[in-house]
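There are 2 protein chains.
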Amino acid sequence: MNQNIKNELRSIVGRDYFLDTPNELYVYSYDATPLYQAMPDAVVIPSSVEEIAAIMKVASQHRIPIVSRGSGTNLCGGTVPVEGGIVLNMNRLNTFKEIDQDNLTATFEPGVITADVHKAVEAVGLFYPPDPGSMRISTMGGNVAECAGGMRGLKYGVTKDYIMGLEAVLPNGDVLRVGGKNAKDVAGYDVTKLLVGSEGTLAVITEITAKLLPLPETKQTMVAYYNDLTDAARSVQRIIASKIIPATLEFLDQETMIVVEDFAHIGLPLDMKAMLIIEQDGTQLQVEHDIARIADICRAEGAAEVRMAQTAEEGASLMAARRSALSALARVKPTTILEDATVPRANLAAMVEQVNLVAKKYDLQICTFGHAGDGNLHPTCLTDERDKGEIHRVEQAFEEIFHAAIKLGGTITGEHGVGMAKADYLDLKVGPVGMDVMRRIKEAFDPHGIMNPGKIFAKSSRRRVVVNHGCGCGHTGEHEHGTEQADK
Amino acid sequence: MNQNIKNELRSIVGRDYFLDTPNELYVYSYDATPLYQAMPDAVVIPSSVEEIAAIMKVASQHRIPIVSRGSGTNLCGGTVPVEGGIVLNMNRLNTFKEIDQDNLTATFEPGVITADVHKAVEAVGLFYPPDPGSMRISTMGGNVAECAGGMRGLKYGVTKDYIMGLEAVLPNGDVLRVGGKNAKDVAGYDVTKLLVGSEGTLAVITEITAKLLPLPETKQTMVAYYNDLTDAARSVQRIIASKIIPATLEFLDQETMIVVEDFAHIGLPLDMKAMLIIEQDGTQLQVEHDIARIADICRAEGAAEVRMAQTAEEGASLMAARRSALSALARVKPTTILEDATVPRANLAAMVEQVNLVAKKYDLQICTFGHAGDGNLHPTCLTDERDKGEIHRVEQAFEEIFHAAIKLGGTITGEHGVGMAKADYLDLKVGPVGMDVMRRIKEAFDPHGIMNPGKIFAKSSRRRVVVNHGCGCGHTGEHEHGTEQADK
Chain E
0 MNQNIKNELR
10 SIVGRDYFLD
20 TPNELYVYSY
30 DATPLYQAMP
40 DAVVIPSSVE
50 EIAAIMKVAS
60 QHRIPIVSRG
70 SGTNLCGGTV
80 PVEGGIVLNM
90 NRLNTFKEID
100 QDNLTATFEP
110 GVITADVHKA
120 VEAVGLFYPP
130 DPGSMRISTM
140 GGNVAECAGG
150 MRGLKYGVTK
160 DYIMGLEAVL
170 PNGDVLRVGG
180 KNAKDVAGYD
190 VTKLLVGSEG
200 TLAVITEITA
210 KLLPLPETKQ
220 TMVAYYNDLT
230 DAARSVQRII
240 ASKIIPATLE
250 FLDQETMIVV
260 EDFAHIGLPL
270 DMKAMLIIEQ
280 DGTQLQVEHD
290 IARIADICRA
300 EGAAEVRMAQ
310 TAEEGASLMA
320 ARRSALSALA
330 RVKPTTILED
340 ATVPRANLAA
350 MVEQVNLVAK
360 KYDLQICTFG
370 HAGDGNLHPT
380 CLTDERDKGE
390 IHRVEQAFEE
400 IFHAAIKLGG
410 TITGEHGVGM
420 AKADYLDLKV
430 GPVGMDVMRR
440 IKEAFDPHGI
450 MNPGKIFAKS
460 SRRRVVVNHG
470 CGCGHTGEHE
480 HGTEQADK
Chain S
0 MNQNIKNELR
10 SIVGRDYFLD
20 TPNELYVYSY
30 DATPLYQAMP
40 DAVVIPSSVE
50 EIAAIMKVAS
60 QHRIPIVSRG
70 SGTNLCGGTV
80 PVEGGIVLNM
90 NRLNTFKEID
100 QDNLTATFEP
110 GVITADVHKA
120 VEAVGLFYPP
130 DPGSMRISTM
140 GGNVAECAGG
150 MRGLKYGVTK
160 DYIMGLEAVL
170 PNGDVLRVGG
180 KNAKDVAGYD
190 VTKLLVGSEG
200 TLAVITEITA
210 KLLPLPETKQ
220 TMVAYYNDLT
230 DAARSVQRII
240 ASKIIPATLE
250 FLDQETMIVV
260 EDFAHIGLPL
270 DMKAMLIIEQ
280 DGTQLQVEHD
290 IARIADICRA
300 EGAAEVRMAQ
310 TAEEGASLMA
320 ARRSALSALA
330 RVKPTTILED
340 ATVPRANLAA
350 MVEQVNLVAK
360 KYDLQICTFG
370 HAGDGNLHPT
380 CLTDERDKGE
390 IHRVEQAFEE
400 IFHAAIKLGG
410 TITGEHGVGM
420 AKADYLDLKV
430 GPVGMDVMRR
440 IKEAFDPHGI
450 MNPGKIFAKS
460 SRRRVVVNHG
470 CGCGHTGEHE
480 HGTEQADK
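Note that the protein sequences, when read in sequence, are chains E and S. All residue numbers for the first sequence refer to numbering that gives the first Met the number 0, where the first residue is 0 and numbers rise by one. All residue numbers for the second sequence refer to numbering that gives the first Met the number 0, where the first residue is 0 and numbers rise by one.
Mixed in with the good hints there might be a few duds.
Claimed, not checked - Okay, derived cross-link-like pairs now, DSSO-like style, lysine-lysine, Cα gap no bigger than 30 Å in a straight line:
{"hint": "1", "chain 1": "S", "residue 1": "Lys210", "chain 2": "E", "residue 2": "Lys218"}
{"hint": "2", "chain 1": "E", "residue 1": "Lys360", "chain 2": "E", "residue 2": "Lys387"}
{"hint": "3", "chain 1": "S", "residue 1": "Lys154", "chain 2": "S", "residue 2": "Lys272"}
{"hint": "4", "chain 1": "E", "residue 1": "Lys272", "chain 2": "E", "residue 2": "Lys218"}
{"hint": "5", "chain 1": "E", "residue 1": "Lys242", "chain 2": "S", "residue 2": "Lys210"}
{"hint": "6", "chain 1": "S", "residue 1": "Lys154", "chain 2": "E", "residue 2": "Lys96"}
{"hint": "7", "chain 1": "S", "residue 1": "Lys154", "chain 2": "E", "residue 2": "Lys154"}
{"hint": "8", "chain 1": "E", "residue 1": "Lys154", "chain 2": "S", "residue 2": "Lys96"}
{"hint": "9", "chain 1": "E", "residue 1": "Lys118", "chain 2": "S", "residue 2": "Lys242"}
Stated by the list, open to error - Reference listing, derived: stretches of chain S covered by chain E, where coverage requires no fewer than 3 residues with Cβ under 8 Å from a Cβ of chain E:
{"hint": "10", "region": "98–106"}
{"hint": "11", "region": "171–185"}
{"hint": "12", "region": "232–240"}
{"hint": "13", "region": "339–350"}
{"hint": "14", "region": "402–410"}
{"hint": "15", "region": "413–424"}
Treat the hints as calculated values from the structure; they're not laboratory data. For every residue, glycine included, the Cβ atom is placed at its ideal position computed from N, Cα and C.
Excised from the complex, chain E in its bound form (with noise of 0.2 Å):
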């Protein structure tokens, strides 16, 4: 990037909101997906959607990839600037604007936390139900990004369910609205569902209206604990087949069981071979009629002790242990080896049973836990990064199982995206002609392909896994399902 561009964007955003010393632009060479590292050639720091505007037409004419980035805690490696160009730090958009009561939306820039999206809704009666792991640090430009999922997409749907109106700058600088308020609009294709989601490799999002919901009355924990793993999946199964929709249903195995007891200390059976923590919200009595009807499906297919939270307190500290899972797995060894592989929620039980056999074959410790009721596993591998022959077979045990994934029905990414990481493997779910489709809408919006280059479609082999640190460098607080505690 020469120097009178540079000053271009300097002029646009002021000298302080131009980065581009080395140990600036370090700082944007990472996100938390370990592995994947690229230097941009420069970080920008815009306030305002025109100034966006600018910098767009800035890096149009002159062919500079466009990063956005919120808080970088994607996992796969989405907001990495692989090709170098600009990185685009979003963190000053970050008005919250208006919670519409009547209409029931908020409206906010992409700057703003989740949690404090969550904070500020509930505060009024309002309930805005995605809640990724990463929830307390990543920003809802990137959770529209991503389109995040976490603990409650069983009974609530996704990012992308709750996105009803968009700004974005086009990769021209154009300033596309769409969307609104309108509970229902059909005025031509749905731009807004195809935006959330696209990794920003379509265009900048700039302001978000979302859905919200009345806050459920109450809601209640629930445990139960199993002698045999698939007994915890099939009562998964039956859970649902018996027409009972929690708000979560997370599943974890023996092994994490041990670490996370082991992190957070809340007195979990070691003995066991799989937990599911089950919450319902709703009424009073809805929520304790379902959660009977579920502990008695639950001990219906063989859970060994079925337990309800006591209190609310009890129940959010069962929930934060489940949130604890990646941290303290992340302790265990020196690099933590994640994937969301997702299958339909009848075929849980066979592809636990698939990603056990794999850890066998390839001699491996894979622990598994996630989000049971969607389906959407993060089978996760202990290992360590300087130990090339056994990466290698981490390597080959994550293709075979993301293969497995697929021949169940599943997707290779339920939740994390496709990014750099999974940009090998999209074509086993989309197939030739999903691809061709999706480069054409690439195109469309972006002719020259500055957006976000190098993610979603794969250029040349890559490492394929998503690789964690376990070190204690603060990466695992940051990602999609880090630690409450996190350092930052």
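Chain S: place on chain E using the hints.
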């Protein structure tokens, strides 16, 4: 279309499923949107995705327009073959493939009738919420193409919210499979949601996988009558703002009540200025609780009378009366002009007021009813298309109504689609940047412009409103708001 091409098409589907006599073509020259009519060159009735792929290759090679069509119940001229070409009658693809009770999904071909989906899934205790007025006649392929709405949109959303996976044939004959049964899936762009509501302009839908919910345990219907129309609108606003989301919240003004009563004889108090029909579903206790609170709110906001349906039959007859509104209106005058301008629900009162002002200004009889909870109104003008002067005033009036909706943060079409009828107004909602993005998406899928040409994107000035004959010709039974006694 020359004989060689006709022979090619005949050889694909067989002689019986290729139509090209004037009488046969005439049937496919219009849909439920009168005043729009154009003859196709041929009608082809395929039985499989393979046949459709072969047809698309022929059409692509010779640049022949393709208009896919189910029952033709749309209200935007969406299936009128305005540039000739092939009408693809999808009714032979009508296999109901599967109800998956573990994953809560149903998979079927596009020719399956909407109400048959309701019946099939309700028989096993499941629920597919979207219920467009035409549901007894409309096909699911049409519902997906238009993103059909209905009376349960307030609580349950629209077609888009339930489509998880699609198979579709692209203009070049490639078969695309997107989405599936996964509750979470972020593998690339969400092409599934993009195809829903794309009005046949991108691809031909050949298989649909829909999300199902548990069937609510029970439901309860109530009505509230008002001496003042704005009291009714304010009640709607207060109900939602009180964080109660009824399954259905419908509005009828006095003029609509009068004609509905004349049609359905259910004892409506015709001195009232407006009524709300409200239905809540869920568990018995929850429903009782919500209905009691809603009744309190209606009374507090000035309802002259609030009445609970005493039996399920009485509830059903009230809902049927609402569903008969358009058919009832259509009997009054020779021509019934119906619109679906939609606003954020908090602006309902302001919108109703605007409609009344416009009606007065242009000296027109406009009755208003619709999905109040969604802000999705159906201002309906009773007129006579032979009176050119009045029709001209009608067009001016609706143009003003669209502008008023946009000014109130609304949209030009809540659930009918753009098609030909609203093409001239789409830029009002999405602006030049939105139009440009949509055009580029269109080109990405359909570079030769053969998919339902003349829809969504305005080419030239056309007649601007949807006119329904109230002549008893049967059309009124075929569209979105048709009677349940439709004569076919």
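Taking the hints in turn, this is what the structure says about them:
| no. | hint | result |
| --- | --- | --- |
| 1 | S:Lys210 to E:Lys218 | 25 Å, holds |
| 2 | E:Lys360 to E:Lys387 | 17 Å, holds |
| 3 | S:Lys154 to S:Lys272 | 26 Å, holds |
| 4 | E:Lys272 to E:Lys218 | 27 Å, holds |
| 5 | E:Lys242 to S:Lys210 | 13 Å, holds |
| 6 | S:Lys154 to E:Lys96 | 25 Å, holds |
| 7 | S:Lys154 to E:Lys154 | 14 Å, holds |
| 8 | E:Lys154 to S:Lys96 | 25 Å, holds |
| 9 | E:Lys118 to S:Lys242 | 17 Å, holds |
| 10 | 98–106 | holds (count 6) |
| 11 | 171–185 | holds (count 12) |
| 12 | 232–240 | holds (count 3) |
| 13 | 339–350 | holds (count 5) |
| 14 | 402–410 | holds (count 3) |
| 15 | 413–424 | holds (count 6) |
Consistency with the previously given hints is maintained throughout, with no hint failing.
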